[in-house]
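There are 4 protein chains.
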Amino acid sequence: MNVSFFRELLDSIVDRSRALTALTLGNGANDDAVELARQLLSRRGESSGAILAQQILNAYRRLDQAGKLAFFNMLSTDFMPDTNAVLQAAERFSKSPSSSTLRALSTALDSPRQEFFRRLNFAPGGTQAIVRMREDLLDLLKEHPDLRAVDDDIVHLFGSWFNRGFLVLRRIDWSTPADILEKIIQYEAVHEINGWDDLKRRLDPHDRRCYAFFHPSLVDDPLIFVEVALVDDVPGSIDGLITAEAAASTEAPRTAVFYSISNCQKGLAGISFGNFLIKQVVTDLAREVPSLRTFVTLSPVPGFRAWLDGERRRESSEVLSPSEIATLAVLDEEGWHTDPERLKLLKPLLCELAAHYFLREKRANGQPLDPVARFHLGNGARLERINWPGDLSPRGIAQAAGLMVNYLYDPKDIEKNHEAYAEHGRVVASPSVVKLSKVNRSKRLPALAS
Amino acid sequence: MNVSFFRELLDSIVDRSRALTALTLGNGANDDAVELARQLLSRRGESSGAILAQQILNAYRRLDQAGKLAFFNMLSTDFMPDTNAVLQAAERFSKSPSSSTLRALSTALDSPRQEFFRRLNFAPGGTQAIVRMREDLLDLLKEHPDLRAVDDDIVHLFGSWFNRGFLVLRRIDWSTPADILEKIIQYEAVHEINGWDDLKRRLDPHDRRCYAFFHPSLVDDPLIFVEVALVDDVPGSIDGLITAEAAASTEAPRTAVFYSISNCQKGLAGISFGNFLIKQVVTDLAREVPSLRTFVTLSPVPGFRAWLDGERRRESSEVLSPSEIATLAVLDEEGWHTDPERLKLLKPLLCELAAHYFLREKRANGQPLDPVARFHLGNGARLERINWPGDLSPRGIAQAAGLMVNYLYDPKDIEKNHEAYAEHGRVVASPSVVKLSKVNRSKRLPALAS
Amino acid sequence: MNVSFFRELLDSIVDRSRALTALTLGNGANDDAVELARQLLSRRGESSGAILAQQILNAYRRLDQAGKLAFFNMLSTDFMPDTNAVLQAAERFSKSPSSSTLRALSTALDSPRQEFFRRLNFAPGGTQAIVRMREDLLDLLKEHPDLRAVDDDIVHLFGSWFNRGFLVLRRIDWSTPADILEKIIQYEAVHEINGWDDLKRRLDPHDRRCYAFFHPSLVDDPLIFVEVALVDDVPGSIDGLITAEAAASTEAPRTAVFYSISNCQKGLAGISFGNFLIKQVVTDLAREVPSLRTFVTLSPVPGFRAWLDGERRRESSEVLSPSEIATLAVLDEEGWHTDPERLKLLKPLLCELAAHYFLREKRANGQPLDPVARFHLGNGARLERINWPGDLSPRGIAQAAGLMVNYLYDPKDIEKNHEAYAEHGRVVASPSVVKLSKVNRSKRLPALAS
Amino acid sequence: MNVSFFRELLDSIVDRSRALTALTLGNGANDDAVELARQLLSRRGESSGAILAQQILNAYRRLDQAGKLAFFNMLSTDFMPDTNAVLQAAERFSKSPSSSTLRALSTALDSPRQEFFRRLNFAPGGTQAIVRMREDLLDLLKEHPDLRAVDDDIVHLFGSWFNRGFLVLRRIDWSTPADILEKIIQYEAVHEINGWDDLKRRLDPHDRRCYAFFHPSLVDDPLIFVEVALVDDVPGSIDGLITAEAAASTEAPRTAVFYSISNCQKGLAGISFGNFLIKQVVTDLAREVPSLRTFVTLSPVPGFRAWLDGERRRESSEVLSPSEIATLAVLDEEGWHTDPERLKLLKPLLCELAAHYFLREKRANGQPLDPVARFHLGNGARLERINWPGDLSPRGIAQAAGLMVNYLYDPKDIEKNHEAYAEHGRVVASPSVVKLSKVNRSKRLPALAS
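These protein sequences, in sequence, are chains A, B, C and D.
Numbering follows my numbering, with no gaps: position 449 of the first sequence is 449.
Numbering follows my numbering, with no gaps: position 114 of the second sequence is 114.
Numbering follows my numbering, with no gaps: position 423 of the third sequence is 423.
Numbering follows my numbering, with no gaps: position 303 of the fourth sequence is 303.
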């Protein structure tokens, strides 16, 4: 594999994209995105696809909300498969199921929209434009659920285009171009980055790492990134972790903490990268820093407070006793989170409740209530430790009454954990968490299977 | 768009591929490609997709023909959509066609094979391996047409993966890495490259150009390339064009001749790049060399001799008169192609017959007999000139009785020509070719519509 | 010339430098910079130069001020040419001057120090280390002028190493790595950059440019950079130029303003790059932005206030009349610079005095008093316009009583201007400045030759 | 250190060089290289150095031999230091030697030629042009020794410009650009490369390596390169080493054989890189291929046959006995080198004579007769083994009567060996070679000190 030729080769993509930027819109002869879209799927599209695609992207950019809605409506109604053809093919298949009738049915079902988006991608910068287009579509979907079929087709394409095999992992550091770093600041969704000094601290090669996935056709824009701290021991609190001066002891850090994972592209919602990112970073870090023994997250618990407050308000909670509800009233008091007395009072109860929340509270489909838990457990991590107080920032209190947890990524257990979770809905947790959850807070709850 | 960051970013792909090459096959614990393939689509595949994918690729590489056939058979029979589910969905849709029943039908039809290949692509080097896999599959298809559904699924994926938006045009010159150049020598399919000196002449920046399409995930391997000569006038003969010393007059060449286009990847058969390649090169060359006025091919006519010999052997040809058949007997004589007398004798007749062949001889579907003609006319070129003798090499004589033709790419007519051809099957030709074809060689033929 | 190979090639330099950073100091056996320096010039240095050089750089880094002084003293006294040998060679040359005795004299004069520094440069990162070393030396020189011969030798080497032919011009923009941008903020010496937002505005591609010279062996560190604004008309005031929102009219800017030039490396003091930088940027900008007609600076006048205050204090100024001195007393008043009345009062007088200052006030060697004037006039620019008030910042008032000027770089006059200045000491100025200077403020001054 | 920024940075050098190539010579107003050279050192040169430099290079390229001679003569006579000034400075220094009179003398001796070449280097592509210029000069020197002072000045500059700290080591392999590889074929000076297939074999990553030094300003052209074979045991014969199919046993090769080192630039004759190259490659290989234990050359002995034939012809050789002379007559017979009998007869005698040649035959200055021996011994290698027959090619027979030797580079002994050689002229040899040399072939020779 030839590095330098490859590099030059890819510069061409960049040049092509630049050409787009420089391109003046020309005569503007046709500014009607809907009409152009029709042409793209017609004969003209076969011979002049790239030019038409570019005109559509230009025209689309000038559309207002109503224009965009009309555009997507057209895609939804006019570019769908031909119902009659599908009906006939379906009937033929029903009558005599064979590989050839199956094939015919499949062909009849092929959505012209997918071909439309494939051709739209011929334009320089097309991929990025389609991702932005889907951002708009997701907004419109809330009020126009009938556009969902359009989204389905885009998602199907994105599943192929953003295949993990095409993603590129890159370390982000202080020698990364400023425009990329600016986006890291802007996209950070978990623990806000307060300006360039804060960012520089988070990229300090001594004890920090940051990695992002990129796609060759979206080169300026990371897809997802993760921030890592290299430390000695599994941390229980975000406070101090982010702002900490590097400790001398981290010359041979034993623990890598994933303390923030942020998706960057709204237009790629539902296309999952986080699982791959974490595992790749674990692999790379293990090689780069051989002293590392433990790979662990320090994660928020965004659903905890809502659940807790629900139980507190419930007329007859099966989880909380009246005295416990009384204790939890402290959470409504001013200044409790800076008062050592009240913190001490709350701690044992909240830790038990957290363990209960993770291990026993489930959604209808048997999965845990907490979305972050679903993500990490689905990846094969195990719930390692309950930390309280872990995040006493206003946001940490509002979302999780101060709670944070660690999920452990142990390469040798990931597959087994994933299977236990995916097959049997089992929340894999460390013995200490399991023990916490077994405090018999409610006789009415079934015993935990573990 | 940031060039240097982009470059580094893409190096990561290279590194990942290298990692694969360096990878020893490990314990070889599981060497059963079929069993591994099943696991890739199971729970394990969700959490350990990249590792399983790599193991499958390793195992596949060690399969013999029988093993490969078994592997594809398994994909064909076990990884197809669930017929019952499709039947039910088809019936539900037939009863009440709606967007939701359509969606359900579409989901039921989704082939697990596509998901299989998507996951296979998680492995470093996966894309290249799947292209190679399809090479094997195409070989097997000849005797095992039942594997066609597997190929359909790969083609569907390749249509997304090798979208023109992801292809990169690169100029090939004497500073291109030797391993790439070696492949150019090896892949040249039209006019064989006789070693490195011949290649160097074909890359001489003074009056030659060579361009290739690459894909970010197949970086060592061009997908398709075209060779161009910059000359003064439209050439009629390949002899001399390739070996010519550069003429001084080409300081401001007026004509770019596309004299060879070669596909490189058998595994990408049917995924069309040539159309895009020619148009992109026309655009780029027009900018780089402003003196160029004419973009034209010098093309072989691979079907001409077979058609001609058929007519000669036919009992009562509607095309050839007995005296013409007598004249054409010269083609069977030893040494005719070096004898000025006989060449002179044959010329007018063969030129007329060539024009007839292109404009009046059609396949059942109304398209011209000649495959190269179908390609260029389908791209919107016009048949510009009949050249005889154009190629008196053994191959040129065997395929085309010495005939070559030029197709003209005139940017302002491409769309119109394409439409005339695609919509009405009309072979767009220059007035001189049309005139040649009007020689009334057979009263029985219908008049040409033009 | 092969771009991609070149790129890979140079990566090797980077890798070598990185290797240095990663290098642990090993046995640390010898930590004595002075002793190691002796060895570097001995037999050992011939075979183990790179290793010894590296050890010296490591040892030097740990020296305190006294240690550094001792180190340079040793270089000064021990590594000088052999006086006796020089004496003998000088006498031989005196007796019989010939090419061979000249050669022998030249050899005798060759300073071992130069060989020492050449060998020191064998170490990875050596060039940068020697530049830092000279920073220390320049500090020491103030109190230890006897070290000047050491500096002479370094300057001689730097003259070869930092030859303009080896310098690389690079545009600095928002996609430049953050670590380089951080240095731009830090090195800006004329108009301070207030953080990343200010920097981003100064790099806005719409109407700003920034260029820097780099050296292949000092790749992280710019040598010198210039900031440019693209505007319509020659500006007279820095206020507003830097903070200005981009005006719509700059779609086709006519004027490029060089408003800040900063040297970055103290250790390269006296090695001149500014002349080359400005001319290269003029050339490149003229090509990139064809609408540009005028290349001009907006420059500070660091010597004006000191000269003016001197004249004001002088018992009988030949330049200032008593009434003028009275008017200038306004400069000592609080708040004059925000008072339109007083500004109006001062303006004509200060403009005349400025013209006088530039055109008539000279140093002993006939050159103008003002150092910035010497730089630009020496480059072949002409003094184009007096601007008052041009810079009413505290610094602008303290240095130049608010004065700024424009120097014009007109490619077709540069050579002629340079010659007039270098040959005859003539300050080339625009007619309007000349006219201002001719106001007969002092009968005693000789008439201006122009 | 920032890799990608660095890469872009250096592309600028390439672009600048390309600009030169593209540059039309303009009005050709001044085509007189000598006159332009004068201007370059004048006032004009200060302000328009880069342009003048480029014009000189263009004009020089068009000079014929006589023109070049005139050009160098002018440099020799007109651009030398001012003799009177040197005389005065020399006298002043003689009278009162001080740092200030030394400095003045040194300044007086500064050759304007050096400044001339420094300014010539301002032109894009200047460095390469000056290297080519010196090629011409070295040719002329043979008949015009008076030009030596010009060469001295160039050599002095090259010593700074081509400092090892600025050189870049690059591996040459099959993915290296073809234009570079073509130069490797062309520059190979020891064992001719017979076309691209031979080259490919010599770059086979399985058991071959090739490394070259490059300079940032001479990027298309290697300075020196070395070819290495990775094998099991120290080889004694070149035959087979080069053409050998890779043996399976080289999975963990124990021995790296440097079998060819070629300088590439005649214009850099006398600027030594080989020493650095070998040591760097030893270091890099030791890291890359940990199984390597021995680093050894397989070297020609270019002076052996001439010495041997001299002794044979000498009336009363002190080295050869009459019977030995008789035996050696076999060397004049047809076909001896393919006849096992005669080879067997010659072997013991030639091996002894070879050991004698290396250890006892010295030049006037005490160094060994053989130039290759002087190079490797001077680098700190030891003479490891005498191989006969080692090279029975026509060249090997003509130069060395079939002899080849190995020099051993043992990192831990290099410094010591170098010292022994440089300080005491001792040829460090392995015990077996020493033993061979002790065969008492001449009672009159003094005993070897070892």
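It is possible that part of the hints are untrue.
[To be verified] Partner residues aside, some chain B positions facing chain D, computed with beta carbon under 10 Å:
#1 D78
#2 F79
#3 P81
#4 D173
#5 S175
#6 L181
#7 G195
#8 W196
#9 K200
#10 P216
#11 D220
These are calculated hints, taken from the structure and not from any lab test.
No residue lacks a Cβ here, since even glycine has one placed at the ideal position from N, Cα and C.
Structure-inconsistent hints, enumerated in ascending order: Checked against the structure, the hints that fail are numbers 1, 2, 3 and 10, while the rest are satisfied.
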